[in-house]
Each structure stands twice: as structure tokens, then as C-alpha cells.
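Q: Listed below, chain by chain, are the residues.
Protein chains: 4
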Amino acid sequence: MPKTITYTARVEFGDCDPAGIVWFPNFFGWIDAASRHFFAGCGVPRWEETTRTLGVIGTPLVDTKARFVSTASYGDTLQFAVQVREWREKSFVQAYRVTRDDAAGETLILECEEVRIFGGKHPDGRLRALPVPPEIRALCE
Amino acid sequence: MPKTITYTARVEFGDCDPAGIVWFPNFFGWIDAASRHFFAGCGVPRWEETTRTLGVIGTPLVDTKARFVSTASYGDTLQFAVQVREWREKSFVQAYRVTRDDAAGETLILECEEVRIFGGKHPDGRLRALPVPPEIRALCE
Amino acid sequence: MPKTITYTARVEFGDCDPAGIVWFPNFFGWIDAASRHFFAGCGVPRWEETTRTLGVIGTPLVDTKARFVSTASYGDTLQFAVQVREWREKSFVQAYRVTRDDAAGETLILECEEVRIFGGKHPDGRLRALPVPPEIRALCE
Amino acid sequence: MPKTITYTARVEFGDCDPAGIVWFPNFFGWIDAASRHFFAGCGVPRWEETTRTLGVIGTPLVDTKARFVSTASYGDTLQFAVQVREWREKSFVQAYRVTRDDAAGETLILECEEVRIFGGKHPDGRLRALPVPPEIRALCE
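Chains as they are written, first to last, in the UniProt record's numbering: chain A, 1 to 141; chain B, 1 to 141; chain C, 1 to 141; chain D, 1 to 141.
Simulated from the structure, these hints should not be mistaken for laboratory data.
Please read all numbers here as calculations on a predicted model, not as lab measurements.
Some hints could be false.
For identical chains, the list gives no copy identity; a pair is met inside one copy or between any two copies.
With a cut-off of at most 25 Å between alpha-carbon atoms, the simulated DMTMM-like pairs for lysine to aspartate or glutamate come out as follows [as the list claims (entries may be wrong)]:
| id | residue 1 | residue 2 |
| --- | --- | --- |
| 1 | K121 | D76 |
| 2 | K90 | D76 |
| 3 | K65 | E113 |
| 4 | K121 | E111 |
| 5 | K121 | E106 |
| 6 | K121 | E48 |
| 7 | K65 | E89 |
| 8 | K65 | E86 |
| 9 | K121 | E49 |
| 10 | K65 | D32 |
| 11 | K121 | D102 |
| 12 | K121 | D101 |
| 13 | K3 | E49 |
| 14 | K121 | E89 |
| 15 | K90 | E111 |
| 16 | K65 | E111 |
Please put together the full structure from these sequences, using the hints given.
A: Right, here's the structure in full:
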């Protein structure tokens, strides 16, 4: 079983749109925070430090797909359960299961699966995918 | 060929993250604006009006997948070319091709494909998918 | 002493700009959440309910001033101490003191003072200031 | 008369809150874009370049005050007229008048006045106010 780390977010009034439900791009904001929270929880230092030690400036997104199952609104507390589902040579698959605890039990809000890379900077300034650093992988498995 | 309507967004300093590139959830913010801009450009009125006339409160997202090809940064101007690629009974597929005009030509930034519904409110307050209103489909084809 | 209720926010990577510090509009996002959190903590129900019972749709902002003292960055946890400093006939003054707990003690990040109203909808659809509802004031003092 | 440069923003559905009006922190997002747009319009290069040439990483906010006069909603187009009202030794006052063009004429939405600095990085990593660079002031007057 891969390591799972859960990120918690409160939905605020300003996260919701005129229909009264979370404006969907805000879910991706929390997902990005949950991704970083996963690495921080595994002991991976800030990206400024990994820039110096490994050349890794962060984990840019390459692909994402998400399935929205139920809506959420302000006052809700959401749980983002995060795993790395697969390690590839130069990328990894990070997955999120987002739920809300209700009186009636747990409600599934959305599921998301991403491909991310460990990004470095080319001498020409452009971003490139670095081989997955074994030091980071060892912390996260 | 389906109708294509293009939405233009400028990337601002505050849209970028500490790596100096667009923070990816902001792409979904522009995509949502481009989705609404497509319907407005086809002559579909504001959702307040369709709420009264058709019971349609908006076009909530059900599924999305996106592929990020190049990064963007502040000062860039992005073009979001939007189409409805498929009309189903109770949903539709909306697609986005996002490019930047460069000295060297056109750079592909990302591609995104979504499933959305025309959302109505159940008497119990919950969101549900309405049959695609023929009035709206006729405007958009 | 007026009642004080504290709202806590974590600063995330995506809250920061290319200079590596919190993009200032995000402080106002947390301030708005802290304002609502104050009322919720005092027992004021959701605005949908007060719309029905008191005609109050929320607490729109009329005036704000803020003084930024220190920067913050991702990984920081911020405390927003919130008070209503003054009750007027048709408005109130809400104040925020934002700090970060550091190894060395407490660092002041910013101070903000706002004038807000209890907003209702005119029959013509426009927003107007309602007299401060005594039921709400009683809960918050 | 100080130089005035106008920034235009469209209000999108996702910029609005459950009350159907612009969520106020979004006004500060546009104000920050309008501030940068003023400097770009005066010929000031990107902050990466001024970091190298002048040590200026950007124009962090020190103080702001804003007065909200009318609400705005999606579909509106807003004009942000920007000026530098005063140049001090180590800071400057930047002001914004935000209006919407309506059938009936021009509606004032809000006014904002800020104190900003030209920020540099201390050897210890902290932000500090640099003397206003005469090269930049000459471009902007």
C-alpha cells in the first residue's frame, strides 16, 4: 500500500460562485496544496532547498484528470487523501480522493489523478523533467 | 466543423508562483471563463435569466482532463480556442486549445477536454443534470 | 474588551508570487474568511438562513485600510485575531491583527480595519445597508 | 497632471461570490495587475530585468486603503485608471479610480490609494525599501 497523507481544507464563502457551490478551479488550488503537503509530510524540504541540493525547483503538472461527483459549499470541511500511485523514470502519478464527513457518513466529492515531474531549469531557462531523485522517492514510499 | 470562439487572457504577475510560471489552477479559472464566454458569444443569456426561463443555473463540470505542454509567465497573452465537440442527451463535451503567439509562431500551452452538464436545482436543493435544452444547442452549433 | 475570535490560515506555495512572498490579494481572501469565521464563531447562522429570517445576505465591505508590516511565505501559519471594534447604526468596524508564530516569538504581519454593512437587497435588486440587526449584535458583543 | 494609464478587466462568473457580486479580494488582484500594467506602459522592464540592473524585485505594498462605492458582477467591464500621485524618497503613492461604462454613463465602483516601495533583497534575504530609482521615476512622470 502506498503511503497516504491527508490534507484538510475548509470551504469558505469566497471559494463559492454565484450558484452557491465551490468554483471548480479552487479544487485544483487545494489539490496543489495537498500535493506539496504530501511531500512536506514525507520529509521533503522546501523547493528552495532542493533547488540547491538536487536542482529540483518543484513538481510541475504534466497531465491531470478529475471526476466531480458531489458539490461542496462554504462551511464544509474536505479531506484530500493523497498518494503517489506510480513512480516512473522521469515522472510520477499522484492521486487524490476528496471527501466530506457528513452526519450520514462520508460523501465522495471528487477524484483526481495527475502526472507530475520533478522540474529543473535548463541552462536556457526552460523547464525540463529530471530523473526522479532516489532520495525523494525513498522518503515518499 | 463545430463553432469555435476564442477567449483571450493576459497572464499577470500574481497569476505566477514562486517558480515564476503560471500556477496551474489559474489555467482552470481562465478555462471556466472561456467556457462561459463561448456561450455568451453564441447568444446564450446570463444564467440568472436561463434559471427563470429554462431552470438552467449554469454548466457545472463533471469530468476534466488536461495536458500541459509548455509553461507561460506574466506578460504572455494566451488564446483559448473553445468548441463544443459533442452533444449528448444530458451532457456535452467542451474542448479548449490554449496557445501563445510568439515571435517564432504559435506555441501550444495546453489542451483540455471537459464533460459539463446544464445544471438545475432539484426541489431538495441538490444539483441535477437537465436534458440539453434544444434552444441552447441551436444557438451553439 | 470586545470579543476576539482567531482564524488560522496556512500559507501555501500557490499563495506566493514570483518574488516568493504572499501575493497581497490573498491576505484579503483570508481576511474575508476570518470575518465570516468571526460571525460563525459567535453563532450567527449561514447567510442563506439570515436572508430568510432577517433579509441579511452577507456583510459587504464598504471601506478597508491595511498596513503590511512583514512578508510571509509558504509553510507559514498565520493567526488572524478578529474583533468588531465599533457598532454603528447601519455599519460596523471589524479589525484584524495578523501574526505568525516564530521561533523568536510573534511577528506582526499586517493590520487591517474595515467598515462593513449588513447587506439586504432592494426590490430593484441593488444592495443596501440594513440597520444592524440587534439579534446579531447581541451574539457578537 | 500625473501620467494616467488605464487597465481594463472583464468580470467573470468565477470572480463573483454566492451573493452574485464580485468577491472583494478579486478587486485587489486587478489593482495589482493595474499597478504592474502602469509600469509596463511607462516602459519599465520586467522585474527579473530590474533585479539584475537595479536590484528591484518588484513594488511590494506597504499600505492600502479602498472605498467601495458600487458593486459589480459578471459581464461587467471595468476600467482601472492608475496614477502615481506622489514620489517620496523610498516609497510612492499609487492611486486607482475604478469605473464601469453603463448605458446611463460612468459608474464609480471603487477608489483605492496605496503606498508601495521598490523592493530589494537584503543580504539576509529580507525585503527592504530601496531609494526610488531615478531611471524608473523619469519613465513614469
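Q: Any hints this thing doesn't respect? Which numbers, in order?
A: Those not satisfied come down to hint 2.
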